[in-house]
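Participant: Residue strings, one per chain:
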Amino acid sequence: MGNVLVFAEHHKGKFPKSTLVALQAGKEAVGKLGGNCLAAVVGSGVEGAAQALTGYGLTKVLVADDPALANYLADVYAAALAQIIKAHEVSLLIATSTAIGKDLLPRVAARLGVGMASDVVGINADGTFTRPMYAGNVMATVSLDGAVKVISIRGTAFDATQAGDQAPVEKVTLSLDAADKKMRFVSFDEIKSDRPSLTEARIVVSGGRGLKSGENFTTYLEPLVDALGAAMGASRAAVDAGFVPNDLQVGQTGKVVAPELYFAVGISGAIQHLAGMKDSKVIVAVNKDPEAPIFSIADYGLVADLFKAVPELTEEVKKIKG
Amino acid sequence: MKTLVTVKRVPDPESTIRVKPDGSGIVTENVKYVINPFDEIAIEEALRIKEKQGGGEVVLVSIGAKVVSEQLRTGLAMGADRAIFVACEQELDSLAVARLLAKIVERENPELLVMGKQAIDDDANQAGQMLAALLGWPQATFASKLEFSADQKSVQVTREVDGGLETIGFALPGVITADLRLNEPRYASLPGIMKARKKEIKEISVSELGVDITSRLKIQKLTPPAKKQGGKKVETVQALVDLLHTEAKVI
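Chains as they are written, first to last, in the numbering used here: chain A, 1 to 322; chain B, 1 to 251.
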């Protein structure tokens, strides 16, 4: 077994929890399959930022620093990773299934002519991987042939890694040519929010079609979200109806979350929504239809008109929180 | 502009999928099949580009057993001009699919490829990115808005990413994968359905394309997921909050 390389995604030099989760998956892979665990920090002027990853018990923190890597772009980042993989005897590449991970890893795999397993939730000692298919209605055990294996991991399936021995930082030399620089970054329009991010929040409150309008998300759901210090999510139906942006979508084709507490408000519980939240530790459903499928997986179900129940709920939560 | 759109036949997203007792596959009896919902969005976008630019061609391509012609016919009824069907009975991983599609692209020379961001059966979310890599083309995944330059030689794509919207640009040709909010696909009209009957679906064999379609990803076994049991119903908001506070200890 060669080395395990973890793509250490960062946002302007800061490493989100999803990166610490990928490092944990990398260390688990090394524990089961052998090799050394390396991290790759890719960007421009990121050598200082890479220091933040030296205390996690990795073998090396590799830094790929080039002005062309200043903004994330799939073509040039894939070229950089492919070169690192070849130069460092990597046999397994791991990243978390974030928007960047999903965009980047298949491109790297195809460049190397190897296969990839997406959204892995288990790394097995026999070298196989476990991943969901069909919106989580099927769990598949898969193998990958070839000198290099590429996997994206589901962020909810691994814990953030713990501190460990110090690792040295090592700069890697890249040669990026024009053919790998066809894409151009134009702008990033950040959705500003004081709330925790959906995939990292301890509590998530999601609304569905039952909310009936975007205004009702603001009037009814947001006060509860803020009383709980939660992140706000939504079902695909609510996104389809234009109530809230797609960025909030929880489900098979949106974000996958597994918080300690998940509130599903006015959400019937379509298969595709359950795929994104059923691993939450405690699930609460508020829905006026007692037959709604969401109740079949909810730990606590309240059959009620949400327009009455949610404001009451907000008041009760505020009382407890004092 | 000539646009190539990929179409995958998948189980209806509303259908319940069950694993066969021996773990070799899923139960396919009584499962209804549809166009992958994201591919439908991709077809719609290609049609809108053609309508807006007042010319060009929308070509569909699908890989699979003969039955995929049903989905191609639906896409033709929506308004696509013609379709290509690559006959292949064996299961393919995303890399094999991308290799076959790369050959089709070589033959067809489109300026633009529009694909769904993800097929809702294997949920891989790989084929578009892999195809872009094999062709050495730029890619814009999870697209929610496209804006072409006046000369139609380049495009700016707004993408739905974590924490906001990112816009990237590139000169064509390129690969775009459609996210949910790109558009709302039209239904095929009755005249559209009539016209579609006369449109060409050209069949091509894998051997004709001369591509190695060995899958690197092999499915060893399928199992049903662990079932989560539903809990109790509570009568009042007060009771719910009390239980969350004292029993579940989460607030």
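Source of the hints: derived by calculation from the structure; they are not laboratory data.
Wrong hints could be hidden among the right ones.
[Said to hold, decoys possible] Which bits of chain A does chain B cover? Going by a derived footprint, with three or more residues having C-beta under 8 Å, they are:
1. 36 to 48
2. 74 to 86
3. 107 to 120
4. 127 to 133
5. 140 to 152
6. 213 to 226
7. 302 to 310
[Unchecked claim] Here are some chain B residues pointing at chain A (derived, C-beta under 7 Å):
8. P21
9. A124
10. N125
Note that CB positions come from ideal geometry on N, CA and C, so glycine has one too.
Participant: Now look at each hint and say whether the structure bears it out.
Facilitator: Comparing the hints with the structure gives:
Coverage of the segment 36 to 48 of chain A by chain B is violated. Counting CB-CB distances below 8 Å, 0 residues qualify, and the rule asks for three or more. Check on the segment 74 to 86 of chain A: 3 of its residues sit with their Cβ under 8 Å from a Cβ of chain B, so the three-residue criterion for coverage holds. Given as covered by chain B, the segment 107 to 120 of chain A passes the check, having 12 residues with a CB less than 8 Å from a CB of that chain where 3 are the minimum. A stretch counts as covered by a chain when three or more of its residues have a beta carbon under 8 Å from one of that chain; for the segment 127 to 133 of chain A and chain B the count is 3, and the coverage holds.
For the segment 140 to 152 of chain A, the stated coverage by chain B holds: 7 residues have a C-beta nearer than 8 Å to a C-beta of that chain, and at least 3 were required. Only when three residues or more bring their CB closer than 8 Å to a CB of chain B does the claim for the segment 213 to 226 of chain A stand; here the count is 0, and the claim is violated. Only when three residues or more bring their CB closer than 8 Å to a CB of chain B does the claim for the segment 302 to 310 of chain A stand; here the count is 4, and the claim holds. A least Cβ separation of about 13 Å between P21/B and chain A goes past the 7 Å threshold, and the interface hint is therefore violated.
Among the interface hints, the one on A124/B holds; its C-beta lies about 5 Å from the nearest C-beta in chain A, closer than the 7 Å criterion. A cut of 7 Å between beta carbons decides the hint on N125/B: the least distance to chain A is about 5 Å, and the hint holds.
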